[in-house]
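Which chain is which? The protein sequence lines are A and B, in order. Just so we're on the same page, my numbering is the position in the first sequence counted from 1, plus 16. Just so we're on the same page, my numbering is the position in the second sequence counted from 1, plus 47.
Check the hints yourself; a few may be wrong.
With a straight-line Cα cutoff of 25 Å, these simulated SDA-like cross-link-like pairs (lysine to any residue) come out [stated by the list, open to error]:
hint : chain 1 : residue 1 : chain 2 : residue 2
1    : B       : 149       : B       : 119
2    : A       : 53        : B       : 55
3    : A       : 72        : B       : 142
4    : A       : 70        : B       : 142
5    : B       : 61        : B       : 133
6    : A       : 72        : B       : 147
In silico negatives: residues of chain B with every beta carbon more than 12 Å from chain A [to be verified]:
hint : residue
7    : 75
8    : 111
9    : 130
10   : 160
With the C-beta cut set under 7 Å, the calculated list includes, among others, these residues of chain B facing chain A [stated by the list, open to error]:
hint : residue
11   : 88
12   : 89
13   : 92
14   : 95
15   : 138
16   : 147
17   : 149
18   : 152
19   : 153
Simulated from the structure, these hints should not be mistaken for lab results. Here a beta-carbon is modelled for each residue, glycine too, at the ideal position from N, C-alpha and C.
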Amino acid sequence: DQQVKQNSPSLSVQEGRISILNCDYTNSMFDYFLWYKKYPAEGPTFLISISSIKDKNEDGRFTVFLNKSAKHLSLHIVPSQPGDSAVYFCAASTNTGNQFYFGTGTSLTVIP
Amino acid sequence: DTGVSQDPRHKITKRGQNVTFRCDPISEHNRLYWYRQTLGQGPEFLTYFQNEAQLEKSRLLSDRFSAERPKGSFSTLEIQRTEQGDSAMYLCASRTGATNEKLFFGSGTQLSVL
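In isolation and in its complexed conformation, chain A is listed as follows:
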């Protein structure tokens, strides 16, 4: 039962352009959402998060948008850089729970 879904396994973008990674969830109780970045043979590293009381959170080149009615969030990277090439995981949790649920990841390749 995959409660967090990333339907695009891979994405290729030219350097300098915008990368948009998408994530859908099914559990309406989720109220905290995170994006992690992962390089091969390394653990995931935190990128950016958003709570359900907001619809947008920005940190430098990274912006996360949350659409609660659609149960959808997206990560925008502008401008994309070759060093952004990695696998990106979306994750979600509830305020009262302790589990974090992860999507299957999107592999981003930024082409120089």
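Use these hints to put chain B onto chain A, whose structure you have.
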């Protein structure tokens, strides 16, 4: 703050052998998690500790798997009678108990069962 530390980074074992992994969380973090990740999948929850108490276990955690966190500090994950299907990256993460606090992951232990 040295981050979450996992040991070993890599482990190759033969089917049927027992293996044990160690995780040292960030010192002020009272919550500790174990996840498993296979190729093409996201991290899958295995178990969770609050201090020394193991509060949640996934149904993925068969009776061959056991985890401990004595004294609420480091944690160990043991797999008995390993099977080829146990081959995966085992990730440890920790966080504080604050609301909306993110998980901090270690570098993982890559297990290969031959």
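Tested hints:
no., hint, result
1, 149/B with 119/B, "holds (19 Å)"
2, 53/A with 55/B, "holds (22 Å)"
3, 72/A with 142/B, "holds (24 Å)"
4, 70/A with 142/B, "holds (22 Å)"
5, 61/B with 133/B, "holds (11 Å)"
6, 72/A with 147/B, "holds (16 Å)"
7, 75, "holds (17 Å)"
8, 111, "holds (22 Å)"
9, 130, "holds (22 Å)"
10, 160, "holds (17 Å)"
11, 88, "holds (6 Å)"
12, 89, "holds (3 Å)"
13, 92, "holds (5 Å)"
14, 95, "holds (6 Å)"
15, 138, "holds (6 Å)"
16, 147, "holds (5 Å)"
17, 149, "holds (5 Å)"
18, 152, "holds (4 Å)"
19, 153, "holds (5 Å)"
This entry satisfies every hint, going by the numbered hints stated previously.
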